[in-house]
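A.B. asks: Protein chains in written order, with this note's numbering: chain A, 18 to 408; chain B, 937 to 1228.
Think of the hints as simulated: they come from the structure by calculation, not from any bench.
Mixed in with the good hints, there may be bad ones.
To list a few chain B residues with every Cβ distance to chain A over 12 Å, as calculated [to be verified]:
1. L1022
2. V1070
3. V1157
Just a few of them, taken from the derived set where beta-carbon distance is under 8 Å, the chain A residues facing chain B [unchecked claim]:
4. I98
5. V100
6. P227
7. G230
Glycine residues also receive a C-beta, built at the ideal position from the N, C-alpha and C atoms.
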Amino acid sequence: MAGRFRPLALITVTTGLLLATGCGGASLGTGDDNNRSGPVKIGLLVPRSGTYKALGDEMKQGFELYVREYGGRLGGREVQIVVADEGETADSGKAAAEKLVKQDRVLAVGGVVSSATVNGVKDLFESSKIPLVGSNASPTTLTGTKYIWRTSYVNDEPGKALGAHVAERAGGPVFLIAAGYQAGKDEIEGFKSTFLPAGGTIAGEEVYTPFPGTKNFQPYLSRIQNSGARAVFCFYAGGAAVDFVKQYRDFGLAGKIPLYAPGFLTEGGVLGGQGDAAEGIRTALNYSADLDNPANRRFAPAYRAAHGTDPTTYAMASWDAAQVLDKAIGAAGGTVTSETVNAALATVGDIDSPRGTWRFNSGGTPIQPWYLREVRQGANTVAGDLGRLGG
Amino acid sequence: MAGWLDGHLVGVVDGIAFGLLLFTIAVGLSLVFGMMDVLNLAHGTLYLAGAYTAYALSDGTLPGLLLALAAGALVGALGGAVLTLLTQPLARRGHLDQAVLTLGITFIVADLFAAAFGGEVLPTDPPTPLRGTVDLLGHTYPTYRLVFIAVAACLAVLVHLLFERSSLGALVRATVADRDMVRAQGVDIRKVLYGVFALGAALATVGGVLGAPILGPGPGVDESVLVLSLVVVVVGGLGSVRGALAGALLVGQVQTLGVALLPQYAPFLLFGTMLLVLVVRPHGLVPSAVRT
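Use the sequences and the hints to build the structure in full.
C.D. replies: See the structure below:
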């Protein structure tokens, strides 16, 4: 008897689940409603919870600010933004991406904080032919894609941008230290790829600190002091960036051995946590809130007025993601579909950005200017030019 | 030898500071588990509560720190009492039920902390007079960490005297050895239980207030503190103050000097040490004389 009821129970449960999650009939009749004159739906895949929520907030704010500043329209079409929670893991990010693609049927998607999420959703966007205009995560391994664009940079580029400059200025061996996970290794490799050819020498061995879990950096700071290094290149972000910078000051290294790093070391919320310990740290990034150009004179004050803080590279790249979608949807003209927008993304050309002018390379990442920044009076300030990368 | 010590002096001193921090946290876990037989996996959460208290009340002055210490001790004592209340019904059901319950509490409280203080690390600065560095035989060392060593050493001596030399300590040890006999003397066993739990918890929160400038409050700190405390308890031996101190000082040195000497093995040093100690002394360095 039980065997006869099992299929029935299965169907009931499945139907119930479908109804509960909204996957059922409700969206069946709508079809692709982006291809008319009404509003277009753009998905934003950013963390709304968990460790990366602060980054997700910055990205959402940057994207929404652009849309608001330009009358709620992208490419002349009214925009409806659908936000989905990326969460902390590749799994939660993938589930949210599938909801945007399959249930909300968005025209295009922006966002994505974590490299693990990007790798996890790559096939989904490629096979459903919906463009993902990412504004943060960009692992070095992400190549050969047709529907994935990034307005940020490739992970190893901040290190690459800084290598030759440090080799020139250090006046002796440089100590390399980074958080022991993929991004840390990418940054160190990127740094070495320009630092060693420029004649730089490494003090001792490069050090990877256990990640996560290293809270007390004293043993590593002692090694730096005993190594005879004339400068330090480090990669840390988030809580570890705060701990490292404060202890670098507490153990008396600040002011004696100059500290260089990719910009995340002092970007956004962490800078407040570091307080005056961050003073004088020099970093490489594609953006600084005090850049003086026409686009940034519009962007930075509007962001400050809306959120009370300086915009970060995360907010800026998300503003640009909205901007390239604005251009691409406009260029797609009468037939606005995911595929025509994706084709138009390849031809958007020069983007007039708060970071300076940039354009997409053949891999879908920016060819853009890089800046040397220095923390002065609690803010990142432009201290020099590091040339263009991404070509 | 003199040259070697000079090169690693800062590491040795910092190992003592880190070890004493671990002692103030782990001794409560060790006493509550070893004497009261309650496995409290919410112990890291108590540290975090103390660290957030320090963040909320620190205004850069010494009176601000003292206020945070008083508030932290109160939070800890109350937290300990609540945890006793919650774990008591499970006393007969074994350690697994206690572990599940207290771990659940850590998840709930972690979410509450994240809602109240956000997802970022909130480092706490020491009071202004204790900021800056001192010269340690030609090496730079943070003033606050030296002061911390002095204060934590006093705490260690006090806890030792209380449990091993005072009549109150004798009562606790007698309770552990033979509950029925103590009950027959007309002593309310539950008061002893609440007292030890509240004191152990208060030590963890006080550790959190004092340790905030070293191991600041933020998501995930509760877990790393819990893991380190469990290692200290396993290495040092359950239920003894001297064991907790020995274990904490050893773990402190492994985490500073060991990591400085063998950086490539940093991720494995801690657990390698634990393995080694357990092979040589399965009950830990200084096991409790009462229980084992």
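A.B. asks: Each hint needs a verdict: does it hold in this structure or not?
C.D. replies: Hint check results:
1. L1022: holds, 27 Å
2. V1070: violated, 10 Å
3. V1157: violated, 8 Å
4. I98: violated, 23 Å
5. V100: Check failed: Cβ of V100 of chain A comes no nearer than 17 Å to chain B, outside 8 Å.
6. P227: Holds, because the Cβ-Cβ distance from P227 of chain A to chain B comes to roughly 4 Å (cut-off 8 Å).
7. G230: OK, holds: G230 of chain A within 8 Å of chain B, min 6 Å.
In this structure, the earlier hints numbered 2, 3, 4, 5 are contradicted, and the remaining ones agree with it.
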